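Spelled out from the first residue to the last, the chains are:
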Amino acid sequence: MAEAILTATDLVKYYPIKGGVLRRTVGNVKAVDGVSFELLKGETLGIVGESGCGKSTLGRLLMRLEEPTSGSVVFDGVDMYAQKGRAMRRLRRDIQIVFQDPYTSLNPRKTVGDIVGEPFDIHPDVVPKKGRRKAVQDLLDLVGLNPEHINRYPHQFSGGQRQRIGIARGIALNPKVLICDEPVSALDVSVQAQVVNLMEKLQDELGLSYIFIAHDLSVVRHISDRVGVMYLGKMAELGEEDEIYGRPTHPYTQALLSAVPVPDPTLRDKREQIVLKGDVPSPANPPSGCRFHTRCWKAQDKCKTDIPLLEPRPDGVAEHLSACHFAAPREIIETIDLTEIDPKAQTAGA
Amino acid sequence: MTTSETMARASAKSSGHTYAPKDGLLLQVADLHVEFHTPDGIARAINGVNFDLYEGQTLAILGESGSGKSVTAQAIMGILDMPPAVIPHGQIRYCGEDLLTMDPEQRRRTRGPEISMVFQDALSSLNPVFPVGWQIAEMFRVHRGMNKSDALERAVKLMQRVQIPAAKERVKAYPHQFSGGMRQRIMIAMAIALDPAVLIADEPTTALDVTVQAQIMALLQELQEERQMGLILITHDLGVVADVADKIAVMYAGRIVERADVFDLYRKPAHPYTKGLLESIPRLDQKGQQLAAIGGLPPNLMRIPNGCAFNPRCKYAQDVCREDRPALLEVVPGRESACHFAEEVLNG
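Here the protein sequences line up with chains A and E, keeping their order.
According to my numbering, numbering within the first sequence proceeds without interruption in unit steps and concludes at 353.
According to my numbering, numbering within the second sequence proceeds without interruption in unit steps and concludes at 384.
No lab work stands behind these hints, which were simulated from the structure alone.
Wrong hints could be hidden among the right ones.
If you want the ones that stay clear, here's a sample from chain A, every Cβ over 12 angstroms from chain E, calculated [as the list claims (entries may be wrong)]: (1) R67; (2) A90; (3) E121; (4) F160; (5) G163; (6) E203; (7) Y255; (8) L259; (9) D267; (10) R271; (11) R274; (12) K280; (13) D304; (14) K307; (15) H328.
Reference listing, derived: stretches of chain E covered by chain A, where coverage requires no fewer than 3 residues with Cβ under 8 angstroms from a Cβ of chain A [unchecked claim]: (16) 155-164; (17) 246-257; (18) 323-337.
Only pairs whose alpha carbons sit at most 27 angstroms apart, straight line, appear in this in silico DSSO-like list of lysine-lysine [to be verified]: (19) E/K204 with A/K179; (20) E/K351 with A/K280; (21) E/K351 with A/K44; (22) E/K351 with A/K204; (23) E/K304 with A/K280; (24) A/K280 with A/K307.
Just so we're clear, the structure is a prediction, and the values are computed from it rather than from any experiment.
We put the beta carbon where it would ideally sit given N, CA and C, even for glycine.
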């Protein structure tokens, strides 16, 4: 097993809610509330979850764009939040980020050369000043853009091309970890595949480790080695990609997977869909006990009071980490065998 | 078909519809063109779109951004800003009447009772300074001339129908007090308020999370079945289409490039673009492999390539594709494709 390059322990991020005349803190938005995981060298860890589950905040914490309320991140043996000044700046070289929206994450007044070359201005010792233009052109070439377009502005590129510029900027300093926050969500399907392919190619060539944050479950499945499922600031389930998708044991994961429309009309009435009731509760006032209990069909009294830990739940076949008191596999998606299904019986059941 | 016709007429009368479909045919879009005249030139957003919509049918219009799918919807609804938009050719016939030549007042009266629309972004489509109940009730006040309290009562009923919990209490709440999924339910309530014959849903779930998307799609399907509406579902999501559509029209650069029954199209696409789209979805057996991406980019609508608009990105492209624009023709019964090599694509 590869060693961990990044270890997050009990990460917590609360955003205070100020109220009253004195602007006192009257509550907290519990964006990330006790998340622990390891990122192994050269792997892709997918983080999935719905909006408001804290996945983007988690990405920002790992970049130290936000200071955590508590918890620690150890990167390559160094406690990230204890670093200051020069040491922190050195560390930032190794962790870079690609943002979701290629339209707002690139400065419209700067040329592509300036945007991709900016990391070299901040970390001047990486590439000598003379070699920068060449370095930027090499990067553009690497991400599949024409190196001659170095003097163009972002608006002259399409969405997919802009995301390539964002990726080029992300890998400019030759980082060890690249955090990708919804890198393909804003792109059209046909272009999305190009960018996913590019990211896989870069990982092979540069030995990068990815944290791939996304809400598109099929893309995450394609690119990830391991997957973590988040719900309301907590990790609900974490394990190998085939375990999470093939044998999920947390009811939320099961519901999430079953809700994803499958691009195959013949499965239309044969898929068992778990339609959850209601919306995700507010992270300012999360439910007690298991945060999913308000929407869970398995919930018992215990779930309202006891917070389930994210731990191995060896119940028959599944052995990965799951934060459910009643973790149990429920075969979905992969178990559909068309030859065995009697359409009439299935339709009646659905 | 005479029974269905009489039934349609009867239902038209009882629900206050001015028009009655003939043989279930609600909407006919014929050779529709839409251009946008901009300072930089003419953007040809729609270049000859044809389709029919029948009662109870779900037609999915599938396409990427810039393919003209939303402009088609806006043209049908008559909510395009003209100028800059211009409709140089085409007809949009609703129950036989051409909406494009109708006088504006008559057309205004079709919006809501006959044809209505659900937009993608519910938050920006709702008025933030009025309570949601007031906004739903407006439909009844304006189109049915109801008084305030009756209209509000109907609004509560509708909110209950779209499964908004505690509708009675929440009728006075403002849009920002609802979650994204609930706002979309309110949009749907407004759209179905006057029992329209045609409902256009423009990316109704794109802004929503998957678990909420499942709820909203289930609701739309239920309402459609209950009211036998013709539903035009505009989306880029191949998964959503596979779940709900009867027929699919795939759009590229302002034209329909393939049209087929949903089962046929997913089993064997007859246009290289459709094929490329289906192949670019990550599949289980492709884990660890490259995705089959379509190379290149969708064309700029101001400079659509000669011949077939897809030719610069197409594996099958030959000289003929660069010169001749292929028409949307029947390949096998019930399937149409706008490709010179449609048969080759379909068979291999």
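Okay, the hints, checked on the actual structure:
Remark: the non-interface label on A/R67 is consistent with the geometry, its nearest Cβ contact in chain E lying 28 angstroms away (cut-off 12 angstroms). Remark: the non-interface label on A/A90 is consistent with the geometry, its nearest Cβ contact in chain E lying 37 angstroms away (cut-off 12 angstroms). The non-interface label for A/E121 is consistent with chain E: the shortest C-beta to C-beta separation is roughly 26 angstroms, beyond 12 angstroms. A cut-off of 12 angstroms between C-beta atoms contradicts the statement that A/F160 is not in contact with chain E; the least separation is 10 angstroms.
Remark: the non-interface label on A/G163 conflicts with the geometry, its nearest Cβ contact in chain E lying 7 angstroms away (cut-off 12 angstroms). Annotated as non-interface, A/E203 brings its C-beta within 12 angstroms of a C-beta of chain E; the closest such distance is 7 angstroms. Not every CB of chain E lies more than 12 angstroms from the CB of A/Y255, the least distance being 9 angstroms, so the non-interface label is violated. Distance check on A/L259: its Cβ comes as close as 6 angstroms (rounded) to a Cβ of chain E, failing to clear the 12 angstroms threshold; non-interface status is violated.
Remark: the non-interface label on A/D267 conflicts with the geometry, its nearest Cβ contact in chain E lying 6 angstroms away (cut-off 12 angstroms). Not every CB of chain E is more than 12 angstroms from the CB of A/R271 (nearest about 6 angstroms), against its label as outside the interface. A beta-carbon of chain E comes within 12 angstroms of the beta-carbon of A/R274; the shortest separation is about 9 angstroms. With a least CB separation of 8 angstroms from chain E, A/K280 falls inside the 12 angstroms interface cut-off, contrary to its annotation.
Residue placement check: A/D304 keeps its beta carbon more than 12 angstroms from all beta carbons of chain E (closest about 23 angstroms). For A/K307, the requirement that its beta carbon stay farther than 12 angstroms from each beta carbon of chain E is met, with the minimum near 20 angstroms. No Cβ of chain E approaches the Cβ of A/H328 within 12 angstroms, the least distance being about 21 angstroms, so the stated non-interface status holds. Check result for the segment 155-164 of chain E against chain A: violated, 0 residues qualifying (beta carbon to beta carbon below 8 angstroms, three or more required).
Requiring three or more residues with a Cβ within less than 8 angstroms of a Cβ of chain A, the coverage given for the segment 246-257 of chain E holds, as 8 such residues are present. Counting residues of the segment 323-337 of chain E whose beta carbon lies closer than 8 angstroms to any beta carbon of chain A gives 9, which meets the minimum of three for the stated coverage. With a C-alpha separation of about 55 angstroms, the suggested pairing of E/K204 with A/K179 is violated against the 27 angstroms cut-off. For the proposed pair E/K351 and A/K280, the alpha carbon gap of about 45 angstroms is over 27 angstroms, so the pair is violated.
Under the criterion of a C-alpha separation no larger than 27 angstroms, the hint pairing E/K351 with A/K44 is inconsistent with the structure, at around 38 angstroms. With a C-alpha separation of about 22 angstroms, the suggested pair E/K351 and A/K204 falls inside the 27 angstroms cut-off, and the hint holds. Using a Cα cut-off of 27 angstroms, the hinted pair E/K304 and A/K280 is violated, with the two alpha carbons roughly 36 angstroms apart. For the suggested pair A/K280 and A/K307, the alpha carbons sit about 17 angstroms apart, so the restraint of at most 27 angstroms is met.
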